[in-house]
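Build the full structure now, drawing on both the sequences and the hints.
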Amino acid sequence: MDEMRVEIKGEVFWLWRAVDQEGNVLDILIHSRRNQKAAKKFLRKLLKKQGFAPRVMVTDKLKSYAVAKKEILPSVEHRYS
1 MDEMRVEIKG EVFWLWRAVD QEGNVLDILI HSRRNQKAAK KFLRKLLKKQ GFAPRVMVTD
61 KLKSYAVAKK EILPSVEHRY S
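Numbering (full-length UniProt numbering), first residue to last: 1 to 81.
Derived from the structure by calculation, the hints contain no laboratory data.
Where hints are given, some of them may not hold.
[As the list claims (entries may be wrong)] Subject to a maximum C-alpha distance of 16 Å in a straight line, what follows is the list of computed EDC-like cross-link-like pairs (lysine to aspartate or glutamate):
#  : residue 1 : residue 2
1  : Lys41     : Asp27
2  : Lys49     : Asp27
3  : Lys48     : Asp27
4  : Lys40     : Asp27
5  : Lys37     : Glu71
6  : Lys40     : Glu71
7  : Lys61     : Asp2
8  : Lys61     : Glu77
9  : Lys41     : Glu71
10 : Lys69     : Asp2
11 : Lys45     : Glu71
12 : Lys40     : Asp2
13 : Lys45     : Asp2
14 : Lys45     : Asp27
15 : Lys49     : Asp20
16 : Lys63     : Asp2
17 : Lys41     : Asp2
This structure is a prediction, so every number in the text was calculated from the model and none was measured.
This is the structure in structure tokens:
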């Protein structure tokens, strides 16, 4: 999982993206924030779409991921890249 800053019509947004181990995009979310609330929203959206929790979640070291994972996916192994 990762997030990146994008501009749409002059406004700043964050593109949240999840990919599988082969690089296939699983889901995306465009959000105005890069915080815990956005991370939780994205994880819930991804879980609903996939229908199951992953065994491992790999993210950068943004603290929002750890907080969201702890609340929504407590049994999932969290690795940092």
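Now for the hints, and whether the structure bears them out:
no., hint, verdict
1, Lys41 <-> Asp27, "holds, 12 Å"
2, Lys49 <-> Asp27, "holds, 8 Å"
3, Lys48 <-> Asp27, "holds, 11 Å"
4, Lys40 <-> Asp27, "holds, 14 Å"
5, Lys37 <-> Glu71, "holds, 11 Å"
6, Lys40 <-> Glu71, "holds, 8 Å"
7, Lys61 <-> Asp2, "holds, 10 Å"
8, Lys61 <-> Glu77, "holds, 14 Å"
9, Lys41 <-> Glu71, "holds, 12 Å"
10, Lys69 <-> Asp2, "holds, 14 Å"
11, Lys45 <-> Glu71, "holds, 14 Å"
12, Lys40 <-> Asp2, "holds, 13 Å"
13, Lys45 <-> Asp2, "holds, 15 Å"
14, Lys45 <-> Asp27, "holds, 8 Å"
15, Lys49 <-> Asp20, "holds, 14 Å"
16, Lys63 <-> Asp2, "holds, 12 Å"
17, Lys41 <-> Asp2, "holds, 14 Å"
The structure agrees with every numbered hint stated previously.
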